[in-house]
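Below, each chain spelled out in residue letters.
Protein chains: 2
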Amino acid sequence: MTVDLEGLGRRIGGSKGELLDELKELLRMRSVSAREGDEEGFRGCAEWVRAKLEKTGAEARLMETEGHPVVYAEIGGGDRTLLSYGHYDVQPPEPLELWESDPFEPTVRDGSIFARGVADDKGDVMARIQALRIYQEEIGPLPFKLKFFIEGEEEVGSPNLAPFVRANRELLSADACLWEGSMKDEAGRPMVFCGTKGMAYVELRAKGASHDLHSMYGGIAPNPAWRLVQALRTIKDENGEIAVDGFMDLVEPPSEKDLEALGRIPFDDAALRASWGVDRLDRNLTGEAALREYLLKPTANIAGIHSGYAGPGSKTIVPSEAFVKMDFRLVKGQSPGPVVALIRDHLKRRGFDDVEVVDLHGVEAAKTPVDSPIVQTAIEAWEGVGAEAVVYPTVGGSGPTSLIATELGIPTIMTGAVANSGSRIHAPNESARLDDYFEAIEYFAGFFNRFGR
Amino acid sequence: MTVDLEGLGRRIGGSKGELLDELKELLRMRSVSAREGDEEGFRGCAEWVRAKLEKTGAEARLMETEGHPVVYAEIGGGDRTLLSYGHYDVQPPEPLELWESDPFEPTVRDGSIFARGVADDKGDVMARIQALRIYQEEIGPLPFKLKFFIEGEEEVGSPNLAPFVRANRELLSADACLWEGSMKDEAGRPMVFCGTKGMAYVELRAKGASHDLHSMYGGIAPNPAWRLVQALRTIKDENGEIAVDGFMDLVEPPSEKDLEALGRIPFDDAALRASWGVDRLDRNLTGEAALREYLLKPTANIAGIHSGYAGPGSKTIVPSEAFVKMDFRLVKGQSPGPVVALIRDHLKRRGFDDVEVVDLHGVEAAKTPVDSPIVQTAIEAWEGVGAEAVVYPTVGGSGPTSLIATELGIPTIMTGAVANSGSRIHAPNESARLDDYFEAIEYFAGFFNRFGR
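Residue numbers (our numbering), protein chains in the order written: chain A, 1 to 453; chain B, 1001 to 1453.
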């Protein structure tokens, strides 16, 4: 089918006011999932999105969960299916006094639109719906099946997502998935993310005497803080390398393609150090070695360690208990359950039977090969709007992506860039550039066109 | 001079009511040094003690400090001088609801007297004054010079003691010093303490980024909690032995006499473990090895370690700062200043230039040889009242004893036992056994008699 992609661009260029007004309407809705009590308003937002989808010709409905409803819609037909994930809920706007304009009254300044949720993720949700509508009006019926899956609890950790996905495996089945939008980097290059790290979050706990003791007993009383330090020294070696028995053995080495993609990622460790106010990165890492560590290797991070006296000056006690909270970011080959078992075995083997390992939270890693067709489609769609995308084999963070990518086995990427590196996601004065917004509509329409070929 | 020691006992036995009434009068005074505002009442207590000393014939006066006044008195003459240290202030009585009788209305129950300060240290102060009076009445003038030095700020850490001692070196000079009273152990044996450990209290601080980071950067961001763990692993080795360069080399080995004394100390590590609710002591120490560690060896104790997230569940951050508070208990040969310098050098030598070592507090160790004449006098004085004393070469704790013992070079011991192991010092229902109180008067009178020979 020959399609007039330039016509798409002209059409969007001629409808900016109307497209923006529709976005603003969504941005005015206070769908703050962290706030309880406005069930009706929340359902109104879900219903508004559902109706917008229905207007495109999709079969659209609200699906109930234990929390806020999911908006689900299907449209089009053919051999191939694309799943689109997004969320209509937003972060709380506080602290309000730091906003230059009302977070729920979208305001345009200097070519950008300011409002809570515009960059995460309402702009992205709206751009995809508008892209679908314009695609159909300008080009014709979708030559593939497109499924929209828009949840209302992403900003509170998607507590009902796993049961929803597991209960609706058939409904959500697809050849590929567009996760919520990505963004543009500092230099304005769109980023395409092909994976997220997994996570095993554990708490190690040690106990000493039944109560804090006078530290005159420091030479003979069991000290749980020292006990944890002794346990931690076996978890990383003196060079800071992870030393949990068998942990690194699980890591599937990155593919040649991953490494090639990594080599193309612009990474400025000096700028990163400056933004953090530090002289050096961990283990004095620099350049590509740092980037590789950041994106492709697992971590053993101490998120918190606490024991004994925390006040000013000197108090002389042997603390009665100690704990350390650790997140292990996992890469392909590592799963949270087996990793926690490795940690337990590792400590037990070294005599730390007394250190309790509490399994607090686990997320699977998600990885879509950088040479998957869906990644190629994303790159070409960016070329279609005159941009060169930077492909990230994985990002350092974790997320529920794995429910789709790993559990359902659907190649999943993050692409589309309403947001940019200065969008202040989750912060006051969240914004998106108008040019990026309109480009995103064109991008998604072009993406649909390429996916359907 | 032949003296009638049995006469002393008879005299005390015949004056119990009067002696007790005098003690009660002192116990009724609310000299709580941690409480501000009652300057007049406080001075009243000091003046009461001064007047009691004057009545014995001593030249007694109040000496001003930046805080509460010191009661100072001198009596007697001859070649030798004994300094007696004590304090007239007490701990706060709270929580009041746990007292079975008014903490400031001394009450006798089951052969014990209950009141705040009776065991620490007013009973001891009063017993020494009464012993002096009775000695003079029954035996005659003191054949040596006795100096009383009774402060009013011991329970708030003696903040003005060091300047007072340093400004009055001549005044306080003596051949030996009786520090405030000791106590009886679980089996009723009087304990004689010949030393206290010193202390170097430091805080190690590490910094990471200028703000907490998302833990997706866990593989490359400097983590100050890990940094401290890496520093701490050099401070103790994997077996829990102190590994600070040069630290153990400073330790002067205990004398043969110290070890002999140690061998005579009854020590029940099973009872200690039971009271702490633990299965084993640090490094699985037991018996005499544990006792030796407790009394004669230095420590490197973690009193507190804190960094990052402390709340429930999982928060994924790389903390921006971390600190650990450590008290190093020191033994003879080790001084706090040089020890802090050793710790700094040790860390610097291993590349931890970024870990700040803050010197919070230092106390010198104090050690009087167990075969000093003053110890022998204490033992014989106990034999004089039919008791066998247990001599401790050192105790695990630290204190200002070193001002007298180390700075002024005066052999200093703690002896006399108004208190016992169940006296609940610093706690509600503080008490002393009446028999122990009257015995203490007889003990001190006998001690004076022996010291004067």
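Hints listed in this document are in silico derivations from the structure and should not be mistaken for laboratory results.
Watch out, some of these pointers could steer you wrong.
[What the hints assert, rightly or not] Straight-line distance between alpha carbons at most 27 Å, and here's what the computed DSS-like set of lysine-lysine pairs gives: (1) B:K1207 / B:K1236; (2) B:K1055 / B:K1207; (3) A:K236 / B:K1016; (4) B:K1016 / B:K1055; (5) A:K24 / A:K147; (6) B:K1147 / A:K236; (7) A:K236 / B:K1297; (8) B:K1257 / B:K1348; (9) B:K1236 / A:K348; (10) A:K207 / B:K1236; (11) A:K315 / B:K1236; (12) B:K1315 / A:K297; (13) A:K297 / A:K236; (14) B:K1348 / A:K207; (15) A:K315 / B:K1207; (16) A:K315 / B:K1016; (17) B:K1236 / A:K236; (18) A:K297 / B:K1207; (19) B:K1147 / B:K1236; (20) A:K236 / A:K348; (21) A:K297 / A:K348; (22) B:K1348 / A:K315; (23) A:K207 / B:K1055; (24) A:K147 / A:K55; (25) A:K348 / B:K1315.
What you are looking at is a predicted structure, and each value in this text was computed from that prediction instead of being measured.
Evaluated hints:
1. Proximity of K1207 of chain B to K1236 of chain B is assessed by CA-CA distance (about 22 Å); at most 27 Å being required, the pair is judged to hold.
2. This hinted pair does not check out: K1055 of chain B and K1207 of chain B have alpha carbons roughly 61 Å apart, beyond 27 Å.
3. Note on K236 of chain A and K1016 of chain B: the hinted pairing is violated, with a Cα-Cα distance of about 67 Å set against a maximum of 27 Å.
4. Between the alpha carbons of K1016 of chain B and K1055 of chain B the distance comes to roughly 19 Å, so the proposed pair stays at or under 27 Å and holds.
5. For the hint pairing K24 of chain A with K147 of chain A, the CA-to-CA distance comes to about 24 Å; that is within 27 Å, so the pair holds.
6. Under the criterion of a C-alpha separation no larger than 27 Å, the hint pairing K1147 of chain B with K236 of chain A is inconsistent with the structure, at around 59 Å.
7. Of the pairs offered as hints, the one joining K236 of chain A and K1297 of chain B is violated, with about 30 Å between alpha carbons and a cut-off of 27 Å exceeded.
8. Taking the CA atoms of K1257 of chain B and K1348 of chain B, the gap is near 39 Å; set against the 27 Å cutoff, the hint is violated.
9. Under the criterion of a C-alpha separation no larger than 27 Å, the hint pairing K1236 of chain B with K348 of chain A is consistent with the structure, at around 21 Å.
10. For the given pair, K207 of chain A sits about 19 Å from K1236 of chain B by alpha-carbon distance, which is consistent with the 27 Å threshold.
11. Taking the CA atoms of K315 of chain A and K1236 of chain B, the gap is about 21 Å. The hint holds against a cut of 27 Å.
12. The straight-line distance between the Cα atoms of K1315 of chain B and K297 of chain A is roughly 20 Å, inside the 27 Å bound, and the hint therefore holds.
13. With a CA separation close to 14 Å, the supplied pair K297 of chain A and K236 of chain A stays within the 27 Å bound.
14. The suggested pairing of K1348 of chain B with K207 of chain A is violated, with an alpha-carbon distance near 32 Å, which exceeds 27 Å.
15. Annotation: proposed proximity of K315 of chain A to K1207 of chain B holds, straight-line Cα distance about 22 Å (limit 27 Å).
16. For the proposed pair K315 of chain A and K1016 of chain B, the alpha carbon gap of about 41 Å is over 27 Å, so the pair is violated.
17. Proximity of K1236 of chain B to K236 of chain A is assessed by CA-CA distance (about 16 Å); at most 27 Å being required, the pair is judged to hold.
18. Annotation: proposed proximity of K297 of chain A to K1207 of chain B holds, straight-line Cα distance about 24 Å (limit 27 Å).
19. Restraint check: the Cα-Cα separation between K1147 of chain B and K1236 of chain B comes to about 45 Å, which exceeds 27 Å; the hinted pair is violated.
20. The straight-line distance between the Cα atoms of K236 of chain A and K348 of chain A is roughly 16 Å, inside the 27 Å bound, and the hint therefore holds.
21. Between K297 of chain A and K348 of chain A the alpha-carbon distance is near 25 Å, which keeps this suggested pair within the 27 Å criterion.
22. Using a Cα cut-off of 27 Å, the hinted pair K1348 of chain B and K315 of chain A holds, with the two alpha carbons roughly 26 Å apart.
23. A threshold of 27 Å between alpha carbons decides the hint, and for K207 of chain A with K1055 of chain B the separation of about 55 Å lies outside it, so the pair is violated.
24. For the given pair, K147 of chain A sits about 15 Å from K55 of chain A by alpha-carbon distance, which is consistent with the 27 Å threshold.
25. At roughly 26 Å between alpha-carbon atoms, K348 of chain A and K1315 of chain B fall within 27 Å of each other, so this suggested pair holds.
Hints 2, 3, 6, 7, 8, 14, 16, 19 and 23 from the list above are not met by this structure, while the remaining hints are.
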